[in-house]
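Asks: Listed below, chain by chain, are the residues.
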Amino acid sequence: MEVFAVTIFMSLAFAVLFAVLFLGERARRKHHSLEQDALLPLDDASPARRGPDSGFFTQRHDQYHHRKDHDRVR
Amino acid sequence: MTSTTTAKTTIEFDDRTVRRFMIASIFWGIVGMLAGVFIASQLNFHQLNLASWLSFGRLRPLHTNAVIFAFVGNMMFAGIYYSTQRLCKARTASDLLSSIHFWGWQLIIVAAAITLPLGLTRGQEYAELIWPVNIAVAVIWVVFAVNFFWTLARRNEPSLYVALWFYIGTIITVAMLYIVNHLSIPTSWTHSYTIFAGVQNGLVQWWYGHNAVAFFLTTPILGIMYYFLPKAAERPVYSYRLSIVHFWSLVFIYIWAGPHHLLNTALPKWLQMLGTFFSLMLWVPSWGGMLNGLLTLRGAWDKLRTDPVVKFFIAAVTFYGMATFEGPLLSIPAVNALSHYSDWTIGHVHAGAMGWKGFMAAGMFYWLTPRLYGTKLHSTSWANFHFWIGTVGILVYVGSMWVSGIMQGLMLNATTPDGTALVYPNFIDTLTSIRAMMGFRIIGGSLYLAGMLLMALNIWMTIRKGSPVNETREVAVIERSQRDTMGLKEAFLNDPVACTLGGMVLVLAWLFLPPGADVVALVCAGVFIFLVVRRFQKGHHIWSRWHDSLLHNWLPFTVLSFVAVVLGGLVQIIPTVMVSRAKNVEDRIQQPYTPLELAGRDIYVSEGCYNCHSQMIRTMLPDVLRYGDYSRLGESIYDHPYQWGSKRTGPDLAREGGKYPHSWHYDHMKDPRAISAGSNMPAYPHLFTAKFDQKTLWKKVAVMTRLGVPYPAMTATEVKTAAIEQGIQIVKELEGQGRVGTLPDTQIVALIAYLQKLGKFDVPDLEGRLKGTPAGMPFPLRPGIPDEHRAATPAK
Numbered sequence: 741m742e743v744f745a746v747t748i749f750m751s752l753a754f755a756v757l758f759a760v761l762f763l764g765e766r767a768r769r770k771h772h773s774l775e776q777d778a779l780l781p782l783d784d785a786s787p788a789r790r791g792p793d794s795g796f797f798t799q800r801h802d803q804y805h806h807r808k809d810h811d812r813v814r
Numbered sequence: 075m076t077s078t079t080t081a082k083t084t085i086e087f088d089d090r091t092v093r094r095f096m097i098a099s100i101f102w103g104i105v106g107m108l109a110g111v112f113i114a115s116q117l118n119f120h121q122l123n124l125a126s127w128l129s130f131g132r133l134r135p136l137h138t139n140a141v142i143f144a145f146v147g148n149m150m151f152a153g154i155y156y157s158t159q160r161l162c163k164a165r166t167a168s169d170l171l172s173s174i175h176f177w178g179w180q181l182i183i184v185a186a187a188i189t190l191p192l193g194l195t196r197g198q199e200y201a202e203l204i205w206p207v208n209i210a211v212a213v214i215w216v217v218f219a220v221n222f223f224w225t226l227a228r229r230n231e232p233s234l235y236v237a238l239w240f241y242i243g244t245i246i247t248v249a250m251l252y253i254v255n256h257l258s259i260p261t262s263w264t265h266s267y268t269i270f271a272g273v274q275n276g277l278v279q280w281w282y283g284h285n286a287v288a289f290f291l292t293t294p295i296l297g298i299m300y301y302f303l304p305k306a307a308e309r310p311v312y313s314y315r316l317s318i319v320h321f322w323s324l325v326f327i328y329i330w331a332g333p334h335h336l337l338n339t340a341l342p343k344w345l346q347m348l349g350t351f352f353s354l355m356l357w358v359p360s361w362g363g364m365l366n367g368l369l370t371l372r373g374a375w376d377k378l379r380t381d382p383v384v385k386f387f388i389a390a391v392t393f394y395g396m397a398t399f400e401g402p403l404l405s406i407p408a409v410n411a412l413s414h415y416s417d418w419t420i421g422h423v424h425a426g427a428m429g430w431k432g433f434m435a436a437g438m439f440y441w442l443t444p445r446l447y448g449t450k451l452h453s454t455s456w457a458n459f460h461f462w463i464g465t466v467g468i469l470v471y472v473g474s475m476w477v478s479g480i481m482q483g484l485m486l487n488a489t490t491p492d493g494t495a496l497v498y499p500n501f502i503d504t505l506t507s508i509r510a511m512m513g514f515r516i517i518g519g520s521l522y523l524a525g526m527l528l529m530a531l532n533i534w535m536t537i538r539k540g541s542p543v544n545e546t547r548e549v550a551v552i553e554r555s556q557r558d559t560m561g562l563k564e565a566f567l568n569d570p571v572a573c574t575l576g577g578m579v580l581v582l583a584w585l586f587l588p589p590g591a592d593v594v595a596l597v598c599a600g601v602f603i604f605l606v607v608r609r610f611q612k613g614h615h616i617w618s619r620w621h622d623s624l625l626h627n628w629l630p631f632t633v634l635s636f637v638a639v640v641l642g643g644l645v646q647i648i649p650t651v652m653v654s655r656a657k658n659v660e661d662r663i664q665q666p667y668t669p670l671e672l673a674g675r676d677i678y679v680s681e682g683c684y685n686c687h688s689q690m691i692r693t694m695l696p697d698v699l700r701y702g703d704y705s706r707l708g709e710s711i712y713d714h715p716y717q718w719g720s721k722r723t724g725p726d727l728a729r730e731g732g733k734y735p736h737s738w739h740y741d742h743m744k745d746p747r748a749i750s751a752g753s754n755m756p757a758y759p760h761l762f763t764a765k766f767d768q769k770t771l772w773k774k775v776a777v778m779t780r781l782g783v784p785y786p787a788m789t790a791t792e793v794k795t796a797a798i799e800q801g802i803q804i805v806k807e808l809e810g811q812g813r814v815g816t817l818p819d820t821q822i823v824a825l826i827a828y829l830q831k832l833g834k835f836d837v838p839d840l841e842g843r844l845k846g847t848p849a850g851m852p853f854p855l856r857p858g859i860p861d862e863h864r865a866a867t868p869a870k
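Which chain is which? The protein sequence lines are V and E, in order. Heads up: the first sequence runs through residues 741 to 814, numbered per the working numbering. Heads up: the second sequence runs through residues 75 to 870, numbered per the working numbering.
It should be emphasised that the hints constitute simulated quantities derived from the structure, not laboratory data. Everything hinted at is true.
Facing chain E, according to a computed beta carbon distance under 7 Å, are these residues of chain V, among others: (1) L774; (2) D777; (3) L779; (4) G791; (5) D793.
Just the calculated beta-carbon pair ranges, DEER-fashion: (6) V:F762 with E:W224: 37 to 43 Å; (7) V:F762 with E:H614: 27 to 33 Å; (8) E:H614 with V:A767: 19 to 25 Å; (9) E:G513 with V:L779: 47 to 53 Å; (10) V:L774 with E:G513: 48 to 54 Å; (11) E:N458 with V:L779: 28 to 34 Å; (12) E:F119 with V:L779: 50 to 56 Å; (13) E:G373 with V:F762: 25 to 31 Å; (14) E:H614 with V:L757: 28 to 34 Å; (15) E:V640 with V:L779: 31 to 37 Å; (16) V:E765 with E:I648: 51 to 57 Å.
Calculated Cβ distances over 10 Å to all of chain V for the following chain E residues: (17) L128; (18) P260; (19) G283; (20) I502; (21) G513; (22) P589; (23) I603; (24) R747.
Note that beta-carbon positions come from the ideal geometry of N, C-alpha and C, so glycine has one too.
Work out the full structure, taking the sequences as your base and the hints as a guide.
Replies: Here it is in structure tokens:
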């Protein structure tokens with residue numbers, strides 16, 4: 741039974757510690773550390789997507805690929 | 075990162091501009107390096123000077139301009155456009171400005187590629203382009219600046235990452251340097267005279283030239299390093315705090331170091347000492363930056379074995395460290411006495427250009443291409459092969475230039491034990507001894523070029539495999555009120571700014587005030603610094619908070635960066651430019667050029683003779699024994715532009731006038747080997763048929779007069795007549811020496827007239843001049859001119 745109480749206690753203690761650290765981290769964001777800025781180049785929060793370029797060169801490029809595909813079909 | 079988000083939006087980055095600049099960089103890089111291998115070959119095989127427009131003197135500026143402005147310039151723009159958008163989480167402000175920037179820059183490069191081989195030049199290193207192109211460069215640079223700062227103002231990330239600081243430093247400093255150094259008065263659409271002459275021109279030129287290396291070839295590449303190296307290593311930069319120290323100390327110190335290009339010359343000693351002092355200080359920030367780059371790879375060194383991008387980056391940063399160690403070393407006067415004018419300097423700049431910039435470019439392109447074309451790199455093994463062939467090429471090139479420079483420098487400076495004669499009095503002997511090294515130079519350059527060609531092929535195959543794609547990303551939009559909120563008072567009226575400027579003022583007072591007062595200023599500076607340190611220890615958090623805020627506000631940051639870079643230039647240039655000409659001569663004053671001699675001088679400049687010949691006899695025994703009495707400030711006082719030079723592939727010409735008869739120069743220009751067996755100088759047959767410029771000669775004289783050269787009042791006809799009459803006189807003398815058939819209006823006649831004038835001077839009325847000078851040296855001229863360290867004894 742004591743083991744059960746210790747387990748509960750430890751789990752709660754860890755949960756509270758986690759909550760405190762989490763909130764602390766949140767608060768630190770407002771007073772952020774300088775070194776956090778070093779992460780900016782790696783800050784790809786949302787996954788990057790790549791879409792086709794619709795510029796002049798791309799059109800030429802697309803035409804080229806289209807012609808290649810066309811040739812291949814023939 | 076500190077913002078509270080209000081909304082999210084999806085942005086599409088403008089990657090087309092990045093692709094364009096990248097491809098342009100590779101193309102122009104190959105052109106520039108091809109020109110480099112070709113001119114290196116010309117040094118060994120004079121026969122390769124195939125035509126007037128393919129001669130060494132005209133192609134060498136093409137090589138340097140192509141590599142600096144076309145290869146590194148386009149590479150820098152590619153890196154800046156790519157990283158700025160990501161770091162600002164915003165698309166570039168204006169696609170139109172991006173397009174104008176790209177096409178404008180390429181047009182400028184094409185204009186340079188046409189005008190330089192035609193001999194249209196301003197005659198100053200890395201500042202050769204003619205005035206209409208200068209204006210185009212300034213306009214396009216402003217377009218780039220507007221686009222960049224506009225993007226910063228629209229950013230969705232409050233913090234300005236370190237890479238952006240370096241880009242800001244680059245943009246404002248290059249604009250300042252370029253505009254000041256290119257101030258000229260046009261004489262025609264393709265010709266102008268710089269407003270600076272002699273020592274002033276030398277000082278301004280190397281303030282520009284040295285900082286072109288610093289702010290065009292280094293700071294943007296450091297910005298690129300701070301963005302792309304962490305991306306490639308997949309870990310943040312080693313120390314962000316170190317990067318702050320790196321940035322501020324680098325931009326502040328670099329700008330002062332220009333005079334180290336003029337050590338042991340007629341440049342006043344106090345400026346030479348400043349140049350040396352600040353160059354030595356540069357060791358610290360440069361190595362701080364290098365270590366920050368190298369240690370970014372902590373825990374990921376295994377990538378060096380597998381990832382060619384990391385290989386290129388790490389080798390590039392290592393070359394940066396080597397080059398920035400060597401630079402201060404070469405700025406020590408004793409070392410410079412050996413290295414200056416020799417191939418050692420050439421080796422030094424190529425270690426920086428090929429190792430640092432070239433490898434950073436390669437690493438960045440290999441990293442970018444798959445992302446810009448949505449595919450994989452065509453061949454990693456080709457990239458690896460490029461790395462090794464490039465590395466071997468650099469080592470062969472740089473190693474041979476070290477050997478060549480040190481060997482020739484030692485030979486040129488060698489004197490007999492009693493110090494009264496030269497061991498190798500014949501310049502050609504020293505040139506012959508480095509022939510093998512000049513051969514290795516071609517091999518090293520060719521290997522490097524082969525690597526570039528392989529990269530071009532690899533990237534071309536990658537492009538064919540993929541298709542152009544623009545990255546889109548969802549970002550949190552931040553409100554205007556969440557960035558750039560720093561007020562004027564908060565930005566500038568605070569402890570850090572006041573203490574830094576106060577310290578600077580006191581140190582400058584020590585430098586400039588008359589004896590007695592300078593000691594007081596020094597003591598005050600010491601006390602002030604002590605108090606500042608105490609104050610900082612108590613309230614360092616205030617300083618930190620202020621700097622943190624600065625990093626969220628682009629405008630105050632830009633203004634303070636500008637103040638940091640402008641100080642060094644002001645302190646060095648203003649006293650030198652403000653000093654009157656009468657005080658600027660020591661004991662000799664140059665005789666103004668006659669109209670024909672002026673025309674000849676323009677031909678000398680146009681043919682790029684300054685690329686191989688100096689006109690500055692240094693205050694060193696071997697120089698004086700070899701070339702004659704050391705050069706005085708007053709002996710180039712009317713030289714717009716100055717022609718002191720920076721390399722002696724041939725001997726110095728400062729006292730060439732009257733040394734040989736006209737026929738010697740006539741034969742020498744026709745076939746240098748007929749006079750000096752073993753010479754590698756090109757022949758100039760076209761000078762014997764081409765006419766010198768009579769049409770705009772009067773205008774050139776008028777502009778010179780406007781610049782302060784004491785010409786008598788002359789009409790256009792009088793100018794022309796004076797030139798032709800002197801030409802007839804020279805032709806007569808040539809005929810007397812057995813060289814018949816030359817016309818008096820040919821370029822060779824004008825060039826002979828100029829060469830025979832070199833070193834001709836008058837003795838100024840020293841006593842009268844000193845009478846007009848108030849007792850003591852008033853503020854702010856005390857450290858100026860005449861230089862107390864040079865014995866200005868009246869010439870006999």
